[in-house]
Amino acid sequence: MSTVLDERRAAAQAGPRQRPARKPLRRGESRLHPVTWFFVLAVMAFSLVPFYWLINTSLKAGESLGAGELFPSRPTLDNYLVVFRNPDFFLALRNSVIIAVVTTAVALVFASFAAYALARLKMRRKALLLTLILSVTTFPAIAIAAPMFSIWREIGLYDTLIGLIIPKLTFALPLAIYTLTSFFREIPRELEESAYIDGASPFLAFRKVILPLAVPGLATTAILVFISVWNEFLLAVTLTTSPESRPVPVAIAFFNGTSEYDQPIGAISAASVLITIPLVILVLVCQKRIVAGMTAGAVKG
Amino acid sequence: MTSTQKLAERPRTFGYDRAERRLAVRMVAPSLILMFLVAAVPIGYAIWLSLHQYSVRQAGLSRFVGLDNYLDALSSGAWWSAFGQTFTFAAASVSLELVLGTAMALLLNMTFRGRGLLRTLVLLPYAILTVVSAITWQTMFEPTLGLVTTVLRGLGLPGGDIVWLGESGYAMAVIVLADVWKTAPFVALLVLAGLQVIPDEVYEAAELDGSTKWTTFINITLPLLKPAIVLAAIFRTMDALRVFDLPFVLTRGANGTESMSMLAYTELRENRLVGEGSALSILTFLTVMAVSVIYIRFAGGNIRAAAQEKQ
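Residue numbers (the working numbering), protein chains in the order written: chain A, 1026 to 1326; chain B, 407 to 717.
Watch out, some of these pointers could steer you wrong.
Using C-beta positions, here's what the derived DEER-type ranges look like [said to hold, decoys possible]:
{"no.": "1", "chain 1": "A", "residue 1": "Ser1160", "chain 2": "B", "residue 2": "Val431", "range": "19 to 27 Å"}
{"no.": "2", "chain 1": "B", "residue 1": "Arg658", "chain 2": "A", "residue 2": "Pro1303", "range": "22 to 30 Å"}
{"no.": "3", "chain 1": "B", "residue 1": "Ser574", "chain 2": "A", "residue 2": "Thr1185", "range": "37 to 45 Å"}
{"no.": "4", "chain 1": "A", "residue 1": "Glu1211", "chain 2": "B", "residue 2": "Leu628", "range": "23 to 31 Å"}
{"no.": "5", "chain 1": "B", "residue 1": "Leu630", "chain 2": "A", "residue 2": "Arg1119", "range": "47 to 55 Å"}
{"no.": "6", "chain 1": "A", "residue 1": "Arg1119", "chain 2": "B", "residue 2": "Lys632", "range": "40 to 48 Å"}
{"no.": "7", "chain 1": "B", "residue 1": "Leu561", "chain 2": "A", "residue 2": "Leu1309", "range": "33 to 41 Å"}
{"no.": "8", "chain 1": "A", "residue 1": "Gly1091", "chain 2": "B", "residue 2": "Leu561", "range": "17 to 25 Å"}
{"no.": "9", "chain 1": "A", "residue 1": "Leu1309", "chain 2": "B", "residue 2": "Lys632", "range": "30 to 38 Å"}
Honestly, the hints are just simulated from the structure, not real lab data. All values reported here derive from a predicted model rather than from experimental measurement. Where is the CB? At the ideal position from N, CA and C, for every residue including glycine.
Using the sequences and the hints given, assemble the complete structure.
So, in C-alpha cells, the structure goes:
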C-alpha cells in the first residue's frame, strides 16, 4: 500500500502543477471551506479558552478576582508568590518527580524483557498473556487502593513514597509492556536474523541489536508512562496524608492558598498554571513521540 | 563452532526452539511475578477484607460476616445511585468524545496552513493533570468569577445566576464537559491514525461514482473507521467507569456526581469502614470487568480483524 502512495506522491510532484513542490497537496484540500474554517477556529477556541481563563484567574487578586473581568485590569503575581511561599508545593514537586522517575524506570526495565519475548520469541499462550496484561490496565484503581490502604497501615508503608511507587507499578508496568511490545514488533526481523547468523544467541541479539534500535520506542514509552504516573490521583490520595509524601495532583487538590484574605481559587489557579508549564513544554518537544506512542498499539495491532 | 555451521543448524531444530521458549519464559517471568504481587495479591486481600467486619473502635478486631457487606451495599440506595451516576457520566462523556474526536480527526486529516498548530493545541489538554483540568473548569463555572457565568450574565441570558456545581444536573454537565475537553483529543488521534491508512483510491472511486462528500463520509469513511472508533470507545468507557479525579475536585461527589470509585473511597477513607469500603471496591471492580468482557465479546472480533488487516 505504501508503494501506491509513494507513486501517487511522485506523480503529484512530477505533475504539471504550478505550486511549489515543497508540500504536495492531497485531494485538493488546500483551501478550506469557510464552514470548515469556522470548525477549525471553534476547536482551537475550545482547547485554548479554558487555559486562558485559568491564567486569567491566576493573575487576579482581591476585588478584581470576583469582578469577572475578561482581562485582568490590575494583573498581579500575588497568587504566584503565595504558591512559592508555600513549602508544601515544592515538597509535592519533589515527591512527584521521585515517584514518577522511579516507577517509570522500574516499569521500563521489567517491561523491556517481557515485551521483547511477547513481540518476538516463540512462546505458549502468548495471546492469552497479552490479553491478561492489557486487562490489568482496565482495573479500577480503587480495587488496588482499598487493600493497599489496609496492608500499608499495618506494615508501616502508609504515607511513604515507596508505599506509593509499588501500587503505581500495577498500572505502569502493563502500560509499558503493551506499548513496548508494539514498538518491538516494528523492528525488522532481518536484523536479528543476521545477528543469529553471526552466532549471537537470542538474548545477545536482544541486548546488542534490538535494544539499541528500540531507544526511540523506549523513550516514547517512558514519556507515556511518566505522564500517566504523574497524573494518577486515586492511589495517591488514598495512600498519603502528609505533605512529606503527597505528590502534585493531591497537593493541588488540597491546596488552600495559606492566605485567609484571598479566595483560594486564585492561588489554586496559579499552582495549576505552574505545574502545567513543564508538561506543556514536554508536549511541545515530544509531540510526535507522544502521538506515535498513543496510537502504536491501536493501529499496528 | 563456525558461523556457517551454526547457520546450517539453525533452521528450526528442536533444541533451538526449546531454548527460545525457555528464554521467553525467563524474560516474561519477572514482569508476571511483579504484576501478580501488585495486582492479584491486593485484589485477593480486598476480597478477604470485604468478607469481614471491622471494629471502628479497636484496630485489628474483626469477625467474619460472609457476604453481609455485599448484601448491605446492594440493598443500599447509595451503591445504586453511584452505579447509575457513573454510567450516566460514561454514556454522556464517551458519546460526546467520539463525536467531537471524530470531527477533530477529520479536520486534522485535511491539509491546510495551521494544521500543525491545531494538532499541538488539541494535544495540550490531554497532557495536563486531570486535577488541573477539573480546576480549570471550576474557574470557568465559578458563580462570581467564572467565564461562562460572567458572559451569560453580561449578555443577560438565563444561566448567569446558576450555581453550576451546586445543582444536580448542571454539576454532572460540568464534569462531563471537563472530561470531554481533556480526552476528546485522545479519540481524535486514534481516529486520525485510522483515517490515514484509508487509501486515496477509495475516495477517488467514490468521486467517480458521483458520490457527494456527505454520502462518501457516511458510506465509506465511517465504516472503514469503525475499528478505530470502537477501540477508542472501549478505552474511553473503561476510563469513564473509573472516574474519580473530576468529581473529587469539583463536587466531592455531591449533587448527583458520586461515582462508584468515589463512594468506595468515601466509605474507606472518610468513614473508616474497611469491610464495607472493600466490598464496594470489589463491586466496582466486577462492574468494570463485566463491561470489558461484554465489549470484547461484541467488538473483539472487529478489533482483531482490523489488527490482522493492518499487519
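Evaluation of the provided hints:
Taking 19 to 27 Å as the suggested C-beta distance range, the pair A:Ser1160 and B:Val431 conforms, at roughly 21 Å. Restraint check, B:Arg658 to A:Pro1303: a C-beta distance of roughly 28 Å satisfies the suggested window 22 to 30 Å. Hint check: B:Ser574 to A:Thr1185, Cβ distance near 39 Å, so the stated range 37 to 45 Å holds. Judged by the Cβ atoms, the range 23 to 31 Å given for A:Glu1211 and B:Leu628 holds: they are separated by roughly 28 Å.
Remark: the range hint 47 to 55 Å for B:Leu630 to A:Arg1119 is upheld by a beta-carbon distance near 49 Å. Taking 40 to 48 Å as the suggested C-beta distance range, the pair A:Arg1119 and B:Lys632 conforms, at roughly 46 Å. One distance hint, 33 to 41 Å for the beta-carbon pair B:Leu561 and A:Leu1309, holds here, with the actual separation near 35 Å. For the hinted restraint 17 to 25 Å between A:Gly1091 and B:Leu561, the CB-CB distance of approximately 19 Å keeps it satisfied.
For the pair A:Leu1309 and B:Lys632, the supplied restraint of 30 to 38 Å holds, since their beta-carbon distance comes to about 33 Å.
Consistency note: the structure conflicts with none of the earlier hints.
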